[in-house]
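Peer 1: Residue numbers (our numbering), protein chains in the order written: chain A, 1 to 245; chain P, 1001 to 1303; chain W, 2001 to 2368.
If you're looking for bench data, these hints aren't it; they were derived computationally from the structure. Please note that a few of the clues may not be correct.
[What the hints assert, rightly or not] Keeping only pairs whose Cα atoms sit at most 20 Å apart, straight-line, the calculated DMTMM-like set for lysine to aspartate or glutamate is: (1) K2364(W) to E1072(P); (2) K1134(P) to D2018(W); (3) K222(A) to E1257(P); (4) K2364(W) to D1068(P); (5) K1015(P) to D91(A); (6) K2002(W) to E1183(P); (7) K1086(P) to E2200(W); (8) K1134(P) to D209(A); (9) K222(A) to D1234(P); (10) K1015(P) to D16(A); (11) K131(A) to E1016(P); (12) K1232(P) to D91(A); (13) K2213(W) to E1072(P); (14) K2199(W) to E1257(P); (15) K29(A) to D1234(P); (16) K2020(W) to E1072(P); (17) K2002(W) to E1016(P); (18) K1171(P) to D231(A); (19) K1134(P) to D231(A); (20) K1086(P) to E73(A); (21) K127(A) to E1016(P); (22) K2048(W) to E2112(W).
[Claimed, not checked] Partial selection, computed: residues in chain P whose CB lies under 8 Å from chain A: (23) Q1207; (24) Q1291; (25) E1295.
Quick caveat, the model's predicted, so the values are computed rather than measured. We treat Cβ as the ideally placed atom computed from N, Cα and C, and that holds for glycine.
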Amino acid sequence: MEQVITAHKLSKKFGDFIATNEITFSVNKGEIFGFLGANGAGKTTAMRMLCGLSIPSSGEATIAGFDIYKQTEEIKKSIGYMSQRFSLYEDLTVRENIRFFGGIYGLSIPQIKLKTEELLGSLGLEKEANKLVSGLPLGWRQKLSFSVAILHNPKLVFLDEPTGGVDPLTRRQFWNMIYEAAAKGLTVFVTTHYMDEAEYCDRISMMVDGKIEAMGTPAALKQQFDAPNMDHVFYQLARGAKRKE
Amino acid sequence: MKAVEVNALRKVYGKEKTLAVDEVSFEVNEGEIFGLIGPDGAGKTSIFRMLTTLLLPDGGNAKVCGLDVVKEYKKIRTMVGYMPGKFSLYPDLTVEENLHFFATVFGTSVQENYHLIEAIYVQLAPFKDRRAGKLSGGMKQKLALCCALIHQPKVLFLDEPTTGVDPVSRKEFWEMLKKLKQEGISILVSTPYMDEAAMCDRIGLIQGGKLLSVDLPSQLIQKFPHNVFAVKADNMYQLIQSLQANALVKDVYAFGEYAHLIPNNSALTTSDLLHEMDKLNLQNSSASPTQATIEDCFIQLLH
Amino acid sequence: MKQFMSFVTKEFYHVLRDRKTLFILFGMPVVQILIFGFALTTEVKNSKIVVLNMAHDQSSRLLIDQIEASAYFETSRELNSFSQVEEEFKRGEIRLALVIPANFEQNMRRGEQVKLQLINDASDPNTATTLGNYMGFILADFQRMHFPTAPLPMQIVSEIKMLYNPQLKGAPNFVPGVMAMVLMLICVMMTSVAIVREKETGTMEILLVSPFKPILVIFSKAFPYLLLSLVNVSSILLLSVFVLNLPINGSLFLLYAMSTLFIITCLSIGILISVRTNSQQVAMLISLMGMLLPALLFSGFMFPIENMPIPLQVISNIVPAKWYYIIVKAVMIKGLGFMSIWKEAAILLLMTFVLLGISLKKFKIRLA
């Protein structure tokens, strides 16, 4: 099985503060990996290192086979990133956003044109193509930004709370898109505060105070903690947290 | 007297006359926790701003503590506590300074109403000299709640207080709200998280500026017109895809560990369903009747 | 009142905790005074010049000696032909060339008009003008000393400079200018940005919902900047008295009173900007481009207003900094009293009332 992420004893320190403490895990190709933890558990720091945005203090990791110390440029080409906070330029139209993100990932103009039509078709956004993104409902925006994040066919996509504030129907449509992409071999690394969404992941890791305290399939975790649902698993683990950022 | 009365409230934005709030009517009883449940962009914030006298309605009217939100805004401003959706404290002031500042602005002192915030503030006390900008999400939210409570408001408006906050902090937050309710404070709260609906006394489901339904959470579930089955198989994606195409199925969607299935015919039994699923070539498939949740109600209302 | 004080205290926390901004606020006037005082001075000393003397008589040599004797010029060499003049300029070492015509002494004695040619490097027009003026003085002196009976065709005297700035010091002009600029910057920009920041962080929402009077929000935000500005006025005055040796000739009380008036004018502009904008960037841009730049151009501090085309002279009247600049020059340098500046003060007062009136009217007690 090809491993898209491998991390071995990866740590990040800020002065005395150990934000991420020797985390070790791996993610297989085509897997949907849920990265959970309370606010301040160190998720963001870990994710930044994996994206090549921040150099680890110690430990090793590879993303799509590239070393996160030396090959950050290659890593950036093989990953996609979508966050709830920033995803699209609101003052550009749908079409302009697609063209822009296609452009920065080095797609050729004919490629971008092809992809644009393909995307607009599959999302049913043909009529809105020339409207500003700010005028789109949040659900559509999230779906569009996911599509844009994987426009350049990356091996791996990082989704940082992608469904925050979205209505339950759109949230499910969004997860359908994730499933479809994963079925085609895309690896998905996702954080969420919705515990039902944790169930949709193939595997989950739970971070507490900078460490990965538990990892496994949702079923295995529930069994391990003797909990009826993921909410309880999370509660049991995060209750023990000492750190409140 | 009702804590909040909203009558055919409307709000229109911009040149394109986008209808953000469309003829919304509801009431919040005294000493009640009323939840406005709906996704971002449903119009929750606009309703909150009209009720806290920050925006003028474009139609309809509303009263808070029996006072009109347009004409008697000055009186209302002394009686309500408001916690906007975005973290709205001074990031460069410490926890303590923020609290004292807001106490004074509201013409009171921290000592005077300390009993109200004590339970929350003890958790913040170890960080009282820390700048508010350096607090974690859950702590910020607690501080914001303290600041909104410090003048002992009659009605508390909390706009998405738990958004972006982890499940543990969210649970703690709701426990605090229950205590405040016992103090006699009426609370109007909004949230995009369906699972928080059960914590409210009554809820209003809102989408696209329209109030879809107002009821007790338990009533809403009881009135749910369909049977619900929890179905499961090793490959959930395949299960949902193939069942969606099935004629017996009205709707099927992921629901945590399971998928929820709504049949087209209410006479459909579990064994009928299992029989149907056997044809689909799924491994370890199972099905059993289950209780509908608020989320199920919302999804069906959206259709 | 307690609420107001608590608000002001909070405002001071904001200001004092933002170390970088604080440093700029208090460092800027000091740096500006020092830069204008020592580096950017328009005073010209020891400028290199060349002389093409075609007369070679006694008078012309006397004139050259006299020029050399002044502190302003230093003759690098004497030339023999016109073509050399251009070469010298191209080498960039000289700022001015003086051409003395043949038969200089003879023509002077006869009382005929003598044409001395001054060739200036006008790539720096300010310096060129200044040097031209200085040379004019020397020539006039020379004429008075050696040919007292001759008419004075080349006398050029700038009355104002001679009267109030006999050593032609640059400081008197820039100290009032720096004061106007610094006050504009702090009161207009800092105030508008500080108020708009409350809108950006969302705290304005909470303050509006509180019983605290919205208008007091505005006043209590402006108040700390009034104090800060007065501190800055003091530091500029101290620097100019003790470092630049420029005495305050008029009443110190009057100077402070007028500064306070100008500060309030600026605060009103800052408040008006903040009422009309919603982002810190826009507030900053408007303050810089819309307020500071005109203040710089039209106050008369950098460019003399008398030399501007009429339309621009008219525009300069609506720039508060112009009136403050006139007031400070009058009080501080000429030592004049209130009776000489009451018109300017009245104009500032009127501006303040109008600006404050508009901003109070436009101030929203709601969000939209």
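Peer 1: Now tell me if each hint is right for this structure.
Peer 2: Here is what the structure says about each hint:
no. : hint                 : result
1   : K2364(W) to E1072(P) : holds (16 Å)
2   : K1134(P) to D2018(W) : holds (15 Å)
3   : K222(A) to E1257(P)  : holds (11 Å)
4   : K2364(W) to D1068(P) : holds (19 Å)
5   : K1015(P) to D91(A)   : holds (17 Å)
6   : K2002(W) to E1183(P) : violated (28 Å)
7   : K1086(P) to E2200(W) : holds (10 Å)
8   : K1134(P) to D209(A)  : holds (17 Å)
9   : K222(A) to D1234(P)  : holds (16 Å)
10  : K1015(P) to D16(A)   : violated (54 Å)
11  : K131(A) to E1016(P)  : holds (13 Å)
12  : K1232(P) to D91(A)   : violated (43 Å)
13  : K2213(W) to E1072(P) : holds (15 Å)
14  : K2199(W) to E1257(P) : violated (43 Å)
15  : K29(A) to D1234(P)   : holds (19 Å)
16  : K2020(W) to E1072(P) : violated (44 Å)
17  : K2002(W) to E1016(P) : violated (45 Å)
18  : K1171(P) to D231(A)  : holds (11 Å)
19  : K1134(P) to D231(A)  : violated (27 Å)
20  : K1086(P) to E73(A)   : violated (35 Å)
21  : K127(A) to E1016(P)  : holds (17 Å)
22  : K2048(W) to E2112(W) : violated (30 Å)
23  : Q1207                : holds (6 Å)
24  : Q1291                : violated (14 Å)
25  : E1295                : holds (5 Å)
Violated hints, listed in ascending order, are 6, 10, 12, 14, 16, 17, 19, 20, 22 and 24; each of the other numbered hints is respected by the structure.
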